[in-house]
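Participant: One-letter residues, chain by chain:
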Amino acid sequence: MSTQEQFFCIEQFYKSITQGKLLAGKCLKCGKIHLPPRPLCDNCYSNQFEWTPIPNKGVLLTYTVIHIAPTQFQNLTPYIIGIIELENGLKIPGTIQGVAQEQLKIGMILQVDFNTCNTATQQQQLPLQPQTWPQWPKYCLKP
Amino acid sequence: MNGKPLVSIVSAGMSKFQKHEGLLAREIFTLAVQETFTRCPKLEPKRDVKSMFIGHMGEGYEHQGHMGAIIADWTGLLGIPATRCEAACGSSGAALRTGIYAILSGLADVVMVGGVEKMTHRTTAEVTEYLAMASDYPFEQYHGITFPGLFALMATRHMHDYGTKEEHFAMAAVKNHYHASLNPKAHMQKEITLETVMQSRYVAWPLKLYDCSIVTDGASCIILTKPELAAKYTDNPVHIVGSGQASDSIGLYERKSFTSLTSTKTAAKTAYEMAQLSPKDINLAEVHDCFTSAELMAYEDLGFCKPGESGKLLENNQTTLGGCIPVNTSGGLKAKGHPVGATGTAQAYEMYLQLSGQAERRQVKNAKIGLTHNVGGSGATAAIHIYRSAQ
Chain A
1 MSTQEQFFCI EQFYKSITQG KLLAGKCLKC GKIHLPPRPL CDNCYSNQFE
51 WTPIPNKGVL LTYTVIHIAP TQFQNLTPYI IGIIELENGL KIPGTIQGVA
101 QEQLKIGMIL QVDFNTCNTA TQQQQLPLQP QTWPQWPKYC LKP
Chain B
1 MNGKPLVSIV SAGMSKFQKH EGLLAREIFT LAVQETFTRC PKLEPKRDVK
51 SMFIGHMGEG YEHQGHMGAI IADWTGLLGI PATRCEAACG SSGAALRTGI
101 YAILSGLADV VMVGGVEKMT HRTTAEVTEY LAMASDYPFE QYHGITFPGL
151 FALMATRHMH DYGTKEEHFA MAAVKNHYHA SLNPKAHMQK EITLETVMQS
201 RYVAWPLKLY DCSIVTDGAS CIILTKPELA AKYTDNPVHI VGSGQASDSI
251 GLYERKSFTS LTSTKTAAKT AYEMAQLSPK DINLAEVHDC FTSAELMAYE
301 DLGFCKPGES GKLLENNQTT LGGCIPVNTS GGLKAKGHPV GATGTAQAYE
351 MYLQLSGQAE RRQVKNAKIG LTHNVGGSGA TAAIHIYRSA Q
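So the protein sequences, as listed, match chains A and B.
Residues in the first sequence are numbered consecutively from 1, following the working numbering.
Residues in the second sequence are numbered consecutively from 1, following the working numbering.
One should not assume that every hint holds.
[To be verified] Here are a few chain B residues that sit away from chain A, every Cβ distance over 12 Å (derived from the structure):
| no. | residue |
| --- | --- |
| 1 | Gly3 |
| 2 | Ala69 |
| 3 | Ile80 |
| 4 | Glu140 |
| 5 | His143 |
| 6 | Thr146 |
| 7 | Arg157 |
| 8 | His158 |
| 9 | Asp161 |
| 10 | Glu167 |
| 11 | Lys190 |
| 12 | Ala204 |
| 13 | Met274 |
| 14 | Cys305 |
| 15 | Lys306 |
| 16 | Asn366 |
[Unchecked claim] Here are the simulated SDA-like cross-link-like pairs (lysine to any residue), alpha carbons at most 25 Å apart as the crow flies:
| no. | chain 1 | residue 1 | chain 2 | residue 2 |
| --- | --- | --- | --- | --- |
| 17 | B | Lys256 | A | Gly89 |
| 18 | A | Lys105 | B | Lys256 |
| 19 | B | Lys265 | B | Gly323 |
| 20 | A | Lys29 | B | Glu254 |
| 21 | B | Lys50 | B | Gly60 |
Just so you know, these hints were derived from the structure itself, not from any lab.
The beta carbon of each residue, even a glycine, is placed where N, CA and C say it ideally should be.
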């Protein structure tokens, strides 16, 4: 925990996304950087962290194209998913937008985009089951 | 002989894997338990069975949790401690491991382990959503990553690193459908061709419909006892001589490698060491082919071949019945079917039949040592067991 009893947690990670920042938690005792942040360091069990900004550019490690999707994503198929590696070996998965499947290549540079994503939950709210949790913004991966 | 028995399997049963129209999970389980009890007339269930562990993955399918007590009731064993084990698709592999703990603790001499899932009454979208719950919610499900999607992410990287082709994945499907055609309890009863697999539509590129295991309904059940008590119940037991289970990060993205499951490698090492056996000692295996690509990775992680060489094993039919190490003689998750909670003990059921010489048309000749490999989620759990024939 830091001042103001703010936990280093996934909710806070998504709050930083809202502010257009990619933040990880850095353990003040052993220095391990956690993405997503977590309240207890799995390496040294310290609960003392500081926020550290992570550059949002990374290398594409692998990808797939989803053709069969769960209900809330059905109107987006086919859509592309990838995992990118940022600095320090930190990795993050997400939808890849703005690249055709034929142009995808392992090793290409993509960046985490916070603003212009085309996402299912923003498009398709199921009328009988309004989404009350979680209220997290969506990010995506773009060239 | 290597491999001191930890526990002995004295009976086993399995429902047919199929769409069980109109039956709930608890009712499907009675089909497995009936075979189990019939097969072992010397077992008096109400007197002998002291504890049970039941693999069941999802409350979503039937709006039903608390499956341990329910199964105790529907098997006529109300009163004994009955606990549901949940490790996604590895639930009953974990139940089996837990049953071994129970026997070795000395608290129970005879334990029932099993698993069940009822899935076919739900739409494809619903099943896709429920299965995805085995993966990370905040970073995977939340961004539309499906279960086939996770295994596709691994398959893509395997193709990139090792030159594996979609045809290699398809070969595993063709093989497992062939094996299933010899197993009357398998969901799929017909052989398929490579073209059928290759021409099927994509679910999550590069994985196609015929690369995916079959959504089905089913239950499986095993009776474990102390090795020294096995003769009291049967003259044809199968011993479990190695057990390993391991965990890994829930998020695939957090792992060092996407072409290998660390949980499988760790659990395999534990099980091989416990059994004092190595991969070359294994005569046959049931591996977790939730997707065909997962079967290829399993060959490599279990040490049946070097990393990247799994495609060659399939090209040379080495894992087909009659090959040097037949894999998934039951038809596997791919073609026997994958009622997720039932899969781990269904693998143990196949191994029990094979190593006690009861596998009929798909019997592996001279099978003495077998291995089962059950995975939960995209590899956050792996449970591996090694079995030895008593003969």
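Participant: If a hint holds in the structure, say so; if it does not, say that too.
Facilitator: Comparing the hints with the structure gives:
no. : hint                : in the structure
1   : Gly3                : holds (35 Å)
2   : Ala69               : holds (29 Å)
3   : Ile80               : holds (37 Å)
4   : Glu140              : violated (6 Å)
5   : His143              : violated (5 Å)
6   : Thr146              : violated (6 Å)
7   : Arg157              : violated (4 Å)
8   : His158              : violated (9 Å)
9   : Asp161              : violated (9 Å)
10  : Glu167              : holds (18 Å)
11  : Lys190              : holds (23 Å)
12  : Ala204              : violated (5 Å)
13  : Met274              : holds (27 Å)
14  : Cys305              : holds (22 Å)
15  : Lys306              : holds (21 Å)
16  : Asn366              : holds (41 Å)
17  : B:Lys256 / A:Gly89  : holds (9 Å)
18  : A:Lys105 / B:Lys256 : holds (20 Å)
19  : B:Lys265 / B:Gly323 : holds (24 Å)
20  : A:Lys29 / B:Glu254  : holds (22 Å)
21  : B:Lys50 / B:Gly60   : violated (29 Å)
In this structure, the earlier hints numbered 4, 5, 6, 7, 8, 9, 12 and 21 are contradicted, and the remaining ones agree with it.
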